[in-house]
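Based on the hints, put chain V in the right spot on chain C.
Going line by line, the protein sequences match chains C and V.
Terminal number for the first sequence in the numbering used here: 291, no gaps in between.
Terminal number for the second sequence in the numbering used here: 533, no gaps in between.
Just so you know, the hints here were simulated from the structure itself, not pulled from any lab data.
Be aware that one or more of the hints could be misleading.
Unchecked claim - Here are the simulated lysine to aspartate or glutamate pairs, EDC-like style, with alpha carbons at most 20 Å apart:
no.	chain 1	residue 1	chain 2	residue 2
1	V	Lys372	V	Glu479
2	V	Lys344	V	Glu325
3	V	Lys372	C	Glu221
4	V	Lys491	C	Glu222
5	V	Lys491	C	Glu221
What the hints assert, rightly or not - Simulated DEER-style distance windows between Cβ atoms:
no.	chain 1	residue 1	chain 2	residue 2	range
6	C	Ile246	V	Ala328	27 to 33 Å
7	C	Leu260	V	Ser483	48 to 54 Å
8	C	Ala256	V	Leu482	14 to 20 Å
Unchecked claim - Not close to chain C: a few residues of chain V, all C-beta gaps over 12 Å, as computed:
no.	residue
9	Pro336
10	Ile339
11	Tyr340
12	Tyr343
13	Lys347
14	Pro374
15	Ala439
16	Arg441
17	Val443
18	Pro445
19	Arg446
20	Tyr465
21	Leu482
22	Ala511
We treat Cβ as the ideally placed atom computed from N, Cα and C, and that holds for glycine.
Next come the chains, spelled out residue by residue.
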Amino acid sequence: MKGRGYAALGIGLLAVLVVGSFVMSSAAWGGADGQAEEGILEVSPDYEPWFNPVWTPPSGEIESLLFSLQAAVGGLAMGYYLGRFRFRSSESDTEAETRSTDASSQT
Amino acid sequence: MHIMEGFLPVEWAAAWYIVAAPFVIYGAYKTAKLMDGSRTKALLAVSAGFIFVLSALKMPSVTGSTSHPTGTGLAVVLFGPVVTSFLSAVVLLYQSLLLAHGGITTLGANVASMGVIGPFIGYGAYRLVRPRTDLQKSTFVATVVTNWTTYVVTSLQLAVAFPSEAGLSGVVASASKFMGIFAVTQIPIGIVEGALAAAIIGYLLKAKESVRKRVGVPA
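In isolation and in its complexed conformation, chain C is listed as follows (with noise of 0.2 Å):
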């Protein structure tokens, strides 16, 4: 498979799973985690966490906003770096030939 159809793959994965959270609009669609705790405390009910968190988003929103800001930064590096090695391939390689040989020239 070439690198398009892995993309294409991956991305169109996602949006049948993301279109069958519209269909299957009767489930909660909520979070792994929270469900793990609810696991937690059915097999034993006795139990309470014994640390909370040091901070918690103060809503919903800003949660959504520090989570964009995560994936944000991650993709601009992402963009930028890729993009770099797109664009730069021949000058960098250049560089790197005329230093070996200034340096092999040396000995």
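Same frame as chain C, but now just chain V:
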């Protein structure tokens, strides 16, 4: 994977910290050394970015709930599991401090599953598959294995800490319960992540010969 704050008994929380810490420390050291080369620095940024993006996204799945992919597959293939453990620790720390996602007490356990064990087994899968097939397929396999293993490990971490009854049968019962929550949900999500990682590797291969060489280098 994210076990929530305070939801691991203190003795388990401490034990997982002890497991994860040496890998994170060694990973930090290796990452610092990698920052010297401009090309490896760029690949490192792309790998770390992938973790940032994917672990921030909650995807719906076939079970009617949502979960995060791990995003660690790319780092595993390009830099090996040790560097991946350090990068994962950074992301998990951010999420535990600012997002109340995961936790500081559970940071050791979450790094152990997402940063250490998942990546090591995924890397093992990569080394097994790579001689037999091309880089993209290997990346796909490694990423899916890393992703699924991470969640299986999380389920087991919870199962040993919260057995439904004393003894091995209790652990097994809890394990299947937690795997039903995490692992099944993760099946399609892991495939999405694997496909995206393979696509990015494909792009990198087309872009530069040096990436080809870099990926020949083990952990």
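| Hint by hint, which ones does this structure get wrong, listed from lowest number up? | Violated hints (numbers, rising): 1, 2, 8, 14, 20 and 22; every other hint is consistent with the structure.
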